[in-house]
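Asker: Next come the chains, spelled out residue by residue.
There are 2 protein chains.
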Amino acid sequence: MSTKSPTLALVGATGAVGTVMIDIINGRESVPWGEIRLIASARSAGKKLMVRGEEHTVVELTPEAFDGVDVAMFDVPDEVSARWAPVAAERGAVAVDNSGAFRMDDEVPLVVPEVNADKVSRRPKGIIANPNCTTLSMMAALGALHREFGLTELVVASYQAASGAGQDGIDRLYAELEAVSGKGLGNKAGDVRHALEAAGLPLADSPFAGTPLAMNVVPSAGSYKGDGWFSEELKVRNESRKILGISDLKVSATCVRVPVVTTHSLAVHATFSSEVTVEAAHKVFEAQPSIVLVDDPENGRFPSPAEVVGADPTYVGRVRQALDFPNTLDFFVCGDNLRKGAALNTYEVAERVAAEL
Amino acid sequence: MSTKSPTLALVGATGAVGTVMIDIINGRESVPWGEIRLIASARSAGKKLMVRGEEHTVVELTPEAFDGVDVAMFDVPDEVSARWAPVAAERGAVAVDNSGAFRMDDEVPLVVPEVNADKVSRRPKGIIANPNCTTLSMMAALGALHREFGLTELVVASYQAASGAGQDGIDRLYAELEAVSGKGLGNKAGDVRHALEAAGLPLADSPFAGTPLAMNVVPSAGSYKGDGWFSEELKVRNESRKILGISDLKVSATCVRVPVVTTHSLAVHATFSSEVTVEAAHKVFEAQPSIVLVDDPENGRFPSPAEVVGADPTYVGRVRQALDFPNTLDFFVCGDNLRKGAALNTYEVAERVAAEL
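For the protein sequence lines, the chains are A and B, in the order given. Going by UniProt numbering, the letters in the first sequence line up with residues 1 to 357, in that order. Going by UniProt numbering, the letters in the second sequence line up with residues 1 to 357, in that order.
There could be a bad hint or two in this list.
The list makes no distinction among identical chains, and a pair is therefore deemed to hold if it is satisfied within one copy or across any two copies.
[What the hints assert, rightly or not] Calculated cross-link-like contacts (lysine-lysine; reagent style DSSO-like; alpha-carbon spacing at most 27 Å):
(1) 4 to 125
(2) 48 to 4
(3) 188 to 48
(4) 225 to 283
(5) 225 to 250
(6) 119 to 4
(7) 250 to 119
(8) 188 to 47
Please keep in mind that the hints were generated in silico from the structure rather than gathered at the bench.
One chain only, chain A, in its complex shape (with noise of 0.2 Å):
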């Protein structure tokens, strides 16, 4: 470790993860860095932010932003990613990026520090990936289980929070359940989306596929990708498989959005190559310390988002023995998308590169 202190950048201060990414800095005990710099696009540039009790001014996004800068922190859309992640890196800063484009990226690491830490290290791009915040929901669990039982088969169905699509998400459902509630709706087709258009939500602005979100489940998440399938459920499929290092993990997902604002929720299905229990599985939550076991059903105790969001850790309930299948759980995760599933685990992996400087 060298003496200075290293230097941390966060590119997207004050996009919804960036936001997050800011109270987990502030909530923490101690942090490795020196500087730390905030850096946004030019719309955003000037604005000034408090972090750890001092005030920041937000920098452009330019090449000349990441002199000096050790450790750069990405929470920006897939095609920002794409571009800068490599300047940060040129510029001899380690890139931690949580977009989507260079997860599936071979010399880039993918990583969730509590499954797959000692991959922090070979990253030949410069570059480590963190995985989507659906795959990141439940990837604390099944690591802990995989380690045990040997995980072969997934099939998964999630309940997927609004802020998954960013702050556009959270202000349309906000809108979207001021518009429905008080009004006796939700009983005829077309109700919900005809009160929306009333007051002044057009479907086609939404970011929730041109379909409601309050009162209403949307089975569609991500971008179209050829056969049926949406980018969410071909991205839980293809980042299981590259975290968990199971290179034929057979993987089935439907993603569905709900009209929660934040935590994500997923019901697993999970096959093992060895015999696995609910005692057992109870066991290996027990002794992960980034997992909260809540699983009493007969008094009421599981997890729902309600009382998860805002939570670093995953919480796991309904663990049960699959009748039908051998070697196979059931249970729900639920984590909060914006922590854990984006800033906790990028801030995680920036600690764990910081330690290696």
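Knowing the structure of chain A, use the given hints to seat chain B on it.
Answerer: Same frame as chain A, now just chain B:
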């Protein structure tokens, strides 16, 4: 068929399903019934309701109420059916029961007309059962696929509407949505719960397992049955096996309540004994009159509850071949849980019985 038109009784005429039942009867072009008798608890007796243009007075549930009745439909809680369906049968009526009281009784057929209509005539107890609404939401689709490809395995995650918990569930969701909207909630653990409590909606009074449903999802449906399973999840397994006539069908279900008023959705992962393609599945769905196929995800066309509610058919979309599981399809279904999921199927069975009288 006898010359006199048969008499129909509707027990539970004033409840959530009973109200939809009257809508369905009113919407039929023609009905085979002579008299239609509305029956409810003493509390609702005397109420006047319009059925096919005529005012009917609700009569009290007594043994004599079934005198002269040929077919008695029951839309009441389990314990009311358990007591009164045999009374109706004893007085000569065929009871078509929408509760859970008789579904798994070997001497009671469990009928979805487009799947196993032939079972209507063998009813040694004079009782025919209607499946629970979650199972029913996918039965038309699975029955059609099973006939063609031979169903062997089923992994299901549900997105169940509040009205599955009756009028109390509907009222609760409306009240919760009003209490939380316009307040920017959903980003801190417990803030939805606190808002509900502040609005005079304590969670102890909720029909949703003491958990907020607005801005949330609740992985709990029905009553707790041990080993981690809730009744609704076991019903999906056991009723699917009985209706489809596959005693060793492998089933795992996770049932989750979502803040939708009416229409259940299910993410279905179904494995067959023979090869299945999306094209072949589309053909099967298109040939089934009670299914509407909405499957053009590239152009944002897929089923969602807000667009399906109030409709009789099951809507199917997002059909795709599982990438890693042989002979397996993933798809998404939406069905109005008060119509096909409850009242409509019960009525269709009653009509089949009438045709045999």
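Asker: Which earlier hints can't be squared with this structure?
Answerer: Failing hints: none at all.
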